[in-house]
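J.: Once you've looked at the hints, dock chains B, C and D against the given chain A.
Each chain, letter by letter, is given below.
There are 4 protein chains.
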Amino acid sequence: MENWDGNEGTSAFHMPEWMIQFADQKQEFNKRPTKIGRRSLSRSISQSSTDSYSSAASYTDSSDDETSPRDKQQKNSKGSSDFCVKNIKQAEFGRREIEIAEQEMPALMALRKRAQGEKPLAGAKIVGCTHITAQTAVLMETLGALGAQCRWAACNIYSTLNEVAAALAESGFPVFAWKGESEDDFWWCIDRCVNVEGWQPNMILDDGGDLTHWIYKKYPNMFKKIKGIVEESVTGVHRLYQLSKAGKLCVPAMNVNDSVTKQKFDNLYCCRESILDGLKRTTDMMFGGKQVVVCGYGEVGKGCCAALKAMGSIVYVTEIDPICALQACMDGFRLVKLNEVIRQVDIVITCTGNKNVVTREHLDRMKNSCIVCNMGHSNTEIDVASLRTPELTWERVRSQVDHVIWPDGKRIVLLAEGRLLNLSCSTVPTFVLSITATTQALALIELYNAPEGRYKQDVYLLPKKMDEYVASLHLPTFDAHLTELTDEQAKYLGLNKNGPFKPNYYRY
Amino acid sequence: MENWDGNEGTSAFHMPEWMIQFADQKQEFNKRPTKIGRRSLSRSISQSSTDSYSSAASYTDSSDDETSPRDKQQKNSKGSSDFCVKNIKQAEFGRREIEIAEQEMPALMALRKRAQGEKPLAGAKIVGCTHITAQTAVLMETLGALGAQCRWAACNIYSTLNEVAAALAESGFPVFAWKGESEDDFWWCIDRCVNVEGWQPNMILDDGGDLTHWIYKKYPNMFKKIKGIVEESVTGVHRLYQLSKAGKLCVPAMNVNDSVTKQKFDNLYCCRESILDGLKRTTDMMFGGKQVVVCGYGEVGKGCCAALKAMGSIVYVTEIDPICALQACMDGFRLVKLNEVIRQVDIVITCTGNKNVVTREHLDRMKNSCIVCNMGHSNTEIDVASLRTPELTWERVRSQVDHVIWPDGKRIVLLAEGRLLNLSCSTVPTFVLSITATTQALALIELYNAPEGRYKQDVYLLPKKMDEYVASLHLPTFDAHLTELTDEQAKYLGLNKNGPFKPNYYRY
Amino acid sequence: MENWDGNEGTSAFHMPEWMIQFADQKQEFNKRPTKIGRRSLSRSISQSSTDSYSSAASYTDSSDDETSPRDKQQKNSKGSSDFCVKNIKQAEFGRREIEIAEQEMPALMALRKRAQGEKPLAGAKIVGCTHITAQTAVLMETLGALGAQCRWAACNIYSTLNEVAAALAESGFPVFAWKGESEDDFWWCIDRCVNVEGWQPNMILDDGGDLTHWIYKKYPNMFKKIKGIVEESVTGVHRLYQLSKAGKLCVPAMNVNDSVTKQKFDNLYCCRESILDGLKRTTDMMFGGKQVVVCGYGEVGKGCCAALKAMGSIVYVTEIDPICALQACMDGFRLVKLNEVIRQVDIVITCTGNKNVVTREHLDRMKNSCIVCNMGHSNTEIDVASLRTPELTWERVRSQVDHVIWPDGKRIVLLAEGRLLNLSCSTVPTFVLSITATTQALALIELYNAPEGRYKQDVYLLPKKMDEYVASLHLPTFDAHLTELTDEQAKYLGLNKNGPFKPNYYRY
Amino acid sequence: MENWDGNEGTSAFHMPEWMIQFADQKQEFNKRPTKIGRRSLSRSISQSSTDSYSSAASYTDSSDDETSPRDKQQKNSKGSSDFCVKNIKQAEFGRREIEIAEQEMPALMALRKRAQGEKPLAGAKIVGCTHITAQTAVLMETLGALGAQCRWAACNIYSTLNEVAAALAESGFPVFAWKGESEDDFWWCIDRCVNVEGWQPNMILDDGGDLTHWIYKKYPNMFKKIKGIVEESVTGVHRLYQLSKAGKLCVPAMNVNDSVTKQKFDNLYCCRESILDGLKRTTDMMFGGKQVVVCGYGEVGKGCCAALKAMGSIVYVTEIDPICALQACMDGFRLVKLNEVIRQVDIVITCTGNKNVVTREHLDRMKNSCIVCNMGHSNTEIDVASLRTPELTWERVRSQVDHVIWPDGKRIVLLAEGRLLNLSCSTVPTFVLSITATTQALALIELYNAPEGRYKQDVYLLPKKMDEYVASLHLPTFDAHLTELTDEQAKYLGLNKNGPFKPNYYRY
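Protein chains in written order, with UniProt numbering: chain A, 1 to 508; chain B, 1 to 508; chain C, 1 to 508; chain D, 1 to 508.
Not one of these hints is a red herring.
Put simply, identical chains are the same to the list, so a pair is met inside one copy or across any two.
In the DSS-like style, the derived pairs of lysine-lysine whose C-alpha atoms are separated by at most 25 Å in a straight line are: (1) Lys125 <-> Lys225; (2) Lys245 <-> Lys464; (3) Lys502 <-> Lys465; (4) Lys245 <-> Lys456; (5) Lys337 <-> Lys410; (6) Lys224 <-> Lys125; (7) Lys337 <-> Lys309; (8) Lys502 <-> Lys464; (9) Lys367 <-> Lys337; (10) Lys125 <-> Lys75; (11) Lys248 <-> Lys456; (12) Lys497 <-> Lys245; (13) Lys465 <-> Lys337; (14) Lys113 <-> Lys410; (15) Lys224 <-> Lys119; (16) Lys502 <-> Lys491.
Just so you know, these hints were derived from the structure itself, not from any lab.
Extracted from the complex, chain A is given alone in its bound form (with noise of 0.2 Å):
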């Protein structure tokens, strides 16, 4: 990854080629002016900070005890001291929010219900590196009670939840994880989770590739004992293929990231209830009657439409891609390009997963009062970076909103310094996090179980049979009620009765 390979004089490590895409990313980065420390700055260009950082605050200080948790001894009411983790005593308060989580992860609390007659990840050793929250935590304990030995570090500096974290290590999991870690920290723990006497990991289950990466880097001859790797980032999966495609994938990995339910509720449906969230809670505005450009008509940009659309927004649409661009127009949005509509919108949203996708020149052109900001992802799509200049006034108006104040007067209301919105100012639902843990419990289970040459050193998505499991485990939130096939049926579509029952092409 950029970041630890960036700083050539410290590290030993050369960057690989699946790595150069990332460079001019941060090279831009770099020359940004800003008051938040190198070593922060550097993590926060990992794609996975950018990609998952929860804005949920930590319910209580943390500023309080300024050591280090790595110079500190701490010990559980077990007595053992392996983990490290700010102050192990909020446990208890963590475990208040690990139980309130378990509420509504209905689907996870169903698998440890099945785990009590068998033990599917019994032997599993699983190295884990994730955001260290509440639900994650419902993951973890639900791994351990399938049969799973489970070590675990943060793949955020920020967004470790101490209180969760203490509660972990309370009930015996080796946590390596606290909010505010510096570069040096990150590293540290992740090798605390894999650098074990007597224990060697077989499972990774890893949120951006960090923890695979260094495994890569450190101790690749782990690899002869790893099962498979569980990957649920863009930029995560992104490596995966590029290190397949080079021939360097020695371990079957599983691309949770793009399974269907995935891709449909954290981009879809998630996205249609967030912009308007994040929108709501920083500028106030009303939507109604409020002409809008999206820029990407992908799932995230489907989603932001459909809602804006719903609230009496005039919504148009910018597409590369001409089957998104054709769904655009029957969906009943005009279809243009940037140029033609810059000087009449209120509100800029970028959902494209591409760079530069709103210029200097259309910051120039924007109204007064115009906002814009990113659902996209990464920190990319809009060029905040030319707005760092001399002539432009920026100011801070509140959290996460900046007015840049050109020298004529106009200004323009930047949201979350052009970062994820919806990560930034507004919260995912738990129901969201529910699906993808209990797709990477699935990926986990399936990878771990699989018969010999069933997965070779490839990427592959969840097979469909398990992607159907995650959702049905999901209806009873809603109260929905599945119809079965009939025997006769079943013979008529030629399908099993318990599926899976649409091809892999299938759409959705």
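T.: Just chains B, C and D now, with coordinates in the frame of chain A:
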């Protein structure tokens, strides 16, 4: 196909393995009391008939002439008699229809223009078997302009527009088709297309698989020269996959049915409109406040649900697939079993592709005046046969609308006798047909020009880039302006500026 | 009314002041070349004709008998000949139609049931002039069950269903109406209703104002015994207000047209559905992605816009009233002047009630294949007369659809020659007619039973409580369950538990 | 007002007849256990407080200074001390807030421009009692620009923005208001506005009726010079109608609350957005698939239902009024009694204006985690008092969110303790406030300039033409272009080209 094989006494054909699945359908069907003659009856269980039969009326009266076209001697104005149509004198009227269709099929017209320089189908000898309509004529004449020679038969004994067939014959196309063919005529026409002295097809364009089947049975050696098959229908594609599975497919085949443009347009968008149209034309009902249950939440079901919800109906959904079920929930529909709501709903719509989704038991429990119709495929979804019992009275109240009356006076309103509502009772916009026809043309070009070895003896989806090209040709209709990637952006995304823009598993 | 007064040579009538407004309409109209005969022509500018003419076909062929009903001697089975219909023998077929309509008019049937104990119209002698349809028959027979005597004529020379008229005559109602009356027949029929020995009406139910006008002109003394007028149409109501303003209204009149149930149902909800229906039946167009301009954002415009937006059209709105304009903005429609979008739109729909909203200049600038239609009222909104010029070619492509072709080949698609699309090209659901008919019945009951002095010689809206009652009678159709106020709540709100629930100025 | 009359021991006031209705509310309220002090408590039952209290935070810390403003000696930079605010030094910050608000209140700014030539309020002496916010400041300064002298107090003891009050005082407005007034302060401030030597108000602008009441009680003679009252709130209007009914209203009053722009914007459109905002900010819930019951289908209920349906919730409606009920049906909502769905819904929202719509019995039957909130008015709709019983545990989980826990562990999530969700937990867009403020300004102009006799001692709605004018001033925000009638069209419609465009009973 089941219909011509079932008449064992009069046919030399054996039923191949890949037809067995359909046999039970036919058994049931034959038990059904009906006044329709045997021949037309047996035709009507052809999947391709019911899948694509358009209700569009023939514009001139064809009943004035009882002579079979096979017994007539007709010549076009250039002296050719290599065709067989109802009446060559109707050519002028048909030409006007074709000209009107050309206006609404800009993509094919654009292909023609590009063909002025190059002839990508030069040397192609295409034998086709599709509905013979003005839109098909535009396709055929485009194939001609691209360099191909064509011979054509109808895939349905009812759907031929005689005037259009005449116009095609007049301009030199060997067409063998008329409205109201007998079963014997049907096969005779197909045979006249392929069994010609001094001409052997090297490409097949099929809709339903009858032409392909005929060549398999009668002229298997022809496949030595055939470069590929392009198939449009669900049924035809199903058969090709079964042939492939059985190792009997001896040329590459292109599955046009599952291309994204066709799926989304023919199914999602088109059904969104045609469900309303079909219900209004047959029943003049008001949608507002009506309770509706839609069985199946695939693309067709999604389209029906969206339209009815938008018109103020209260919509319930049934599903067997938990993923589609979860989508229904997130889209705001209560997911139920049919039994739970069958007593209270005003309308029942099937969109499953399955059989006996609505059983006699369901029909018995529906409330008075409940409307029952099928938007799925074929005529199996509603167990209409179960209503052909002595205690129930059938009353034909208008074309395509029957009241079935229970002894206690309860009536249900059955539309199109359970056949496809949108094909029987509404019309298909030319724009949708244009997308399919363009896709067919591009699939032919691709298969014909593919270098040796690109395609094996298997069933393929259209390369994504071609799907994208079809879409791009239809954007001008909406005055839609596509954005182009900059070089820098293309490099960042790792994409070619001209596409394809998405991985193969992308769901749109 | 303008049409029968204009023929000064053949008519004894003077045009009253309140007709002057319509005169210019007629002037234009008469200039228009047409093949339709003069009489029917002059009838067709009757507002009531165009406002309410249903396209529903007559079910039996009435062309078999060329004898004028006025020249026939007919008796019903009880020996009465106090009626004049096409053919009394069609009564049985008409009776079946009435029975079907009864099933869908539960509110009137509920009124009948309540009438078994009391007869609120006992002694009422109602003369009516409305469309003669199955739904009207249910109304008339309900009035009869409530104690009234009725005599009835048609308000439109085309809209009478002969079978229904026969059924009414057979069951004893003096009905004077048939499909295809001449203008002379029209007035003869009205006169036969009012000019009877030994019978004088004391209530008037009118639709369009022709009956009221006739009595004003010919039998002004009748008003001494008349307790009130119930009028349904925009035009008739307009005339009543003008009479009132001029101090010439000599009995109370009830404006049924502006009751909230009628406004919202006939206009908002009904148009929401009929715009789609009318466009589909005439053009088979696809709505998705089409650009549409809707002129006028009243209830009709709101209904049209909502439906088209829901089907994926891109909708622009024009308005003269800033309040409606602001609503359009908040509902997500761009508010434009017609000129701004006329070159780009695919469909132009007028919903204004105004004249010359679409001018020849607009028509000249529309793009090829643009569809033009009117959902407002009357036939004045599109300046169709301006298209009747030598340089333009008219081509009738199907019923109600004309192509008007410019010298350069551009075609516009004109629907229903600019008359009301929903009445000409779609059907009106019985449910909507039921609401209007129930409102008429209650208005008659109210006026007939009102204590002396409650109503003066003015035009009134239906008392809110009656509007509410009409609504409540239609809730069972939707299996809708109303909540009742507790005593405590009623006291808190200062309301009677049975309504009325809203102040008179409430807007719904 | 009920609260200051109830404390009979400490108050000289008698409760007038028109306050009796509210008395029982207060009784209940006083029984409620609470930690809030008595005075603030009694204030909170002021209708105007709960109707319009904005949650917008004060931008500077006002807790730093415990001295009562009444005890301070403050002067503005011009030497005036005719005001009483928290801290005159905060004026600069407040000025910036006002300037930002000016940008979003173009209608008032447009009025100011027009006032450069004429001063329609020259000579007006306006005493006002409203929330003191930046938007109010823009209104006040506009009134000043139009020629009026103003004196102002706050209508709510909590809602004053101290910085804005300071800015107004600094620029010369006698303002008497601060955040956190005691009840005594409240009346003292009002009194300081009216009880001035050498200055008598001739216009009243009131929000809630407290100012009006004070003058009625203390200075009835002032009404001799007062030209009229402009009142904005539901409660204030209700009181005026009761005064009028009792023959005690001695000047004309303008009911601004029921103007169409206010009704549709504050209620329909604003609630459409704020229901989502309020629920998200408090609960982070996902809307998709949730079952919701909305009690009441007036403008507020319509807005809530539309938004939730659009976000994928399944919405049920309860109603007492059959007309609104029928609208709910036609809009696609199942109309139920609350009892029918109370066990299954995830959210209960009240929008009735009624009391005890959600009773303890309902609350007992809700399922675990059900969310309960109020969008109607006041705090009476949910019987919150019934939850203050020993067997239930209250847990404050975040600001405005309480978990109420049953003995069996069931929790319901109560928002804002049953007070208005949108005012407590979301914000009101400036655009909406702009419409109301403009309407108030025009109402003042109209009453002040009306010729003798136009308005009697009664309550009036704003003349339609002024409503239209308010709307027209807000169209430029949307770049909306109004169409003008031609002379011919105006004549045809019998309208003035400049409006008003609709009859008074028009419903929009």
